[in-house]
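Top to bottom, those sequences are chains A and B. Okay, so the first sequence: first residue is 352 according to the working numbering, each after it adds one. Okay, so the second sequence: first residue is 10 according to the working numbering, each after it adds one.
Hints may contain errors.
Stated by the list, open to error - Using 25 Å as the maximum straight-line C-alpha spacing, the simulated SDA-like pairs for lysine to any residue come out as follows: (1) A/395 x B/27; (2) B/12 x B/71; (3) B/79 x A/414; (4) A/389 x A/447; (5) A/395 x B/98; (6) A/395 x B/47; (7) B/12 x A/356; (8) B/12 x A/407; (9) B/12 x A/397; (10) A/395 x B/85; (11) B/12 x A/373; (12) A/395 x B/89; (13) A/395 x B/93; (14) B/47 x A/356; (15) A/389 x A/414; (16) A/395 x B/67; (17) A/395 x B/71; (18) A/395 x B/57.
Everything labelled a hint here was simulated from the structure, so no lab data went into it.
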Amino acid sequence: DAMVIQNPRYQVTQFGKPVTLSCSQTLNHNVMYWYQQKSSQAPKLLFHYYDKDFNNEADTPDNFQSRRPNTSFCFLDIRSPGLGDAAMYLCATSRILLAGVAKNIQYFGAGTRLSVL
Amino acid sequence: AQKVTQAQTEISVVEKEDVTLDCVYETRDTTYYLFWYKQPPSGELVFLIRRNSFDEQNEISGRYSWNFQKSTSSFNFTITASQVVDSAVYFCALSEAWAGGTSYGKLTFGQGTILTVHP
């Protein structure tokens with residue numbers, strides 16, 4: 352059974368129309384990550400949560416926001432999608448077991464492929 | 010800063026051939042983790058292996074084997090007797106082992122190698 356679930360698998364939105372992507376996990380991991388992956392490129396980290404502690408990458412556009420209402424769920428909000436935001440969005444989770452030690456095997460969901468028309 | 014280089018953009022082999030995917034990394038950390046992930050056409054990144062920087066033993070898992078050489082900062086991945094199902098993009102990645110501050114195990118990925126195995 353899938354442990355990191357992303358919905359929907361495919362999302363089509365219009366230019367400038369806000370869109371939300373969701374991620375849920377059954378692993379009870381304390382860290383959740385959002386990556387953007389464009390065609391033929393490596394995944395690029397947007398931000399991550401350690402419990403409720405939000406950490407934004409320096410080059411993540413303000414257009415991207417995230418919410419983590421509880422341990423199991425994390426959302427990616429794109430406030431005004433542009434054509435350049437069309438990509439695969441990957442959610443991942445990991446568990447930090449001891450203070451300062453990252454066991455950090457990141458487990459990924461199947462991704463949401465976003466198209467912007 | 011950390012950096013991972015996968016010099017092979019694409020590799021094409023015929024089924025049953027052996028194939029090696031190269032990975033070279035740069036880091037100033039003394040303790041770090043190295044990973045390989047597989048991304049099939051479906052899109053999900055599948056974890057294959059994690060290697061601690063202190064452990065230079067090579068590892069074999071079925072048809073897969075990994076050669077970690079700290080002296081050359083390389084972590085190469087070999088598939089023996091390749092199969093069509095091995096066709097995917099393979100990513101090598103690096104993270105620091107210390108999760109202090111705000112890093113929390115951030116992964117630095119290489120650009121990926123597209124492997125195509127023909128019947």
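- Which numbered conditions among the earlier hints are violated in the structure presented, ordered from lowest to highest? 1, 2, 3, 4, 7, 11, 12, 13, 16 and 17
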